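S.K.: Just so you know, the protein sequences line up as chains G and A, in that order.
Take any residue in the first sequence, count from 1 to its spot, add 537: that is its number in the numbering used here.
Take any residue in the second sequence, count from 1 to its spot, add 1180: that is its number in the numbering used here.
A hint or two may mislead.
Simulated coverage check for chain A against chain G, where a stretch passes if three residues somewhere in it have a Cβ under 8 angstroms from a Cβ of chain G [what the hints assert, rightly or not]:
id, region
1, 1214–1224
2, 1280–1293
3, 1313–1325
4, 1376–1388
5, 1403–1414
6, 1440–1448
Quick caveat, the hints were computed from the structure, so don't treat them as lab data.
Fair warning: this is a prediction, and the values are worked out from it, not measured in the lab.
Where is the CB? At the ideal position from N, CA and C, for every residue including glycine.
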Amino acid sequence: MRRVWSWAALIVGGLYFLLPLIGTIEFSLRMRRGEYSLDAYRSVLSDPNFRATFSYSVAMAALTILLGVLIVVPTAYWVRLRLPRLRPVIEFITLLPLVIPAIVVVFGYIRLYNTSSILPLTGTASGTNLLLLCGYATLALPYMYRAVDTGLSTLDVRSLTEAAQSLGAGWARIIVRLILPNVLGAVMSGAFLSFAIVIGEFTMAALLNRPAFGPYMQLLGANRAYEPAALAVIAFAVTWGCMGVMQLISRLFGTRMQAK
Amino acid sequence: MRQIGWNWLGVLPFFAFALLFLVLPTMNIVIGAFQNPQGEFTLANLAGLASPRIVSSFAISIKISLASALLGCLIGFAMAAAVVMGGVPGWIKGPLMTFSGVASNFAGVPLAFAFIATLGRVGLVTMLLRQWFGINIYAMGFNLLSFWGLTLTYLFFQIPLMILIITPALEGLKREWREAAEVLGASTFQYWRMVALPILFPSLLGTFALLFANSFGAVATAYALTGSSLSIVPIMLFAQIRGDVLQDPHLGYAMAFGMIVVTGLANLAYVVMRARAERWMQ
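Turn these sequences into a full structure, and let the hints steer you where they fit.
M.R.: Next comes the structure, spelled out in structure tokens:
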């Protein structure tokens, strides 16, 4: 009896998740009347705006990961080494982006960094790009910090640092050559999650008027019939790819850590 | 003393970043909510939230969030329980967890497209229901751009999030507790009602709060799905930031402040409940 209910729950749930995926794939193939074709994909991929916005978002995602690593790794390391009492405070701050909706944060940016403020970032395109980058870094902060902090918890940070110092290494060298390689698995899994979040992000990019992939998708959705479905399939494949790589990495690095 | 000064320097970049791009912008909005255009303190903006338009947008937002959180909890719980203790083959758990990890991050614009392609007027399921069973769901009053449409769409990331969070809690239920209950003559129903559910209750309530906040702050999915035809809070705030539709910037700040209050309270409930749940999970 219990087994019947279990299967029922899984089958109903499974159908709920499968049908939209099948529906989207089927819809994306329907562009040519009367037969299935890849026309919608061809149309999307040959659209110069697709290429421009997609590469813009890929570049933003890469920069977000870089900025995230630059902020999170030294901080998490330093807090573990020297300021353990500060850890709850840092942890609280890193969780704030999950509490404050992104739309409110970007609203604050527009108000705080407008053209008549001390730091008129929204006045120029590059300034707005920088602002969007920082916004993305805050979105990625909770995931990045938790991943790196978990990675650090498997290390004996103090002994490693003392060993490196006794061999004459400076701080920069310790972080880049010693700590970073040791938490690389954690950093990578945080990075791929950040990538998946940034690549299709809509709210911040739309409100800051940046030519990113998220607003492009929304615009296409409002004007076309079949291309959006093709975009959804592409976006799902990207998300799936990121998560797959992430799991693979954590499995690889996980076994290596156990082997130690 | 000098040592302490140097130690602080190490976390300075982090605090500077958090202050500039997280704390100050948010504070700016919160303060704006309590100011009039001349910069003087006022509660008039908060009072302005009581206008019928804004009240109804909060009401529908809260309703959608409650419905999607409740259904997400129920369905997610059923699926997680099926895998953990339902007697289905063990290999199902791995793929289910992996899929949940992906689906809980598959929100935003593409998710809206997926549901339009499935349950829109010419979507796959809509067409199949009509061709195979003669059921025209749109003639029966269903509309994807409505309360139920949005709730159904949000479930796509709510259910997986529930599965991800509740599975470890279910696995934390000790075998001994069930055995002890059975030795004392408890039926399965009694075991659930008097042992398992009370232990799981904080986790369930906490996750419910988290799911609530999760859907309350979602902008992109709703915007891509409904445009601005369904005026839930994030959509209205979006329109306000773009074009000052309330014709009062400070009312916009008050609305954003209201949003922070709702998601803040929900997250607080989550944190408190999680601390309670952890008492049992050692």
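S.K.: Determine for every hint whether it applies to the structure shown.
M.R.: Hint check results:
no., hint, verdict
1, 1214–1224, "violated (count 0)"
2, 1280–1293, "holds (count 11)"
3, 1313–1325, "violated (count 0)"
4, 1376–1388, "violated (count 0)"
5, 1403–1414, "holds (count 4)"
6, 1440–1448, "holds (count 4)"
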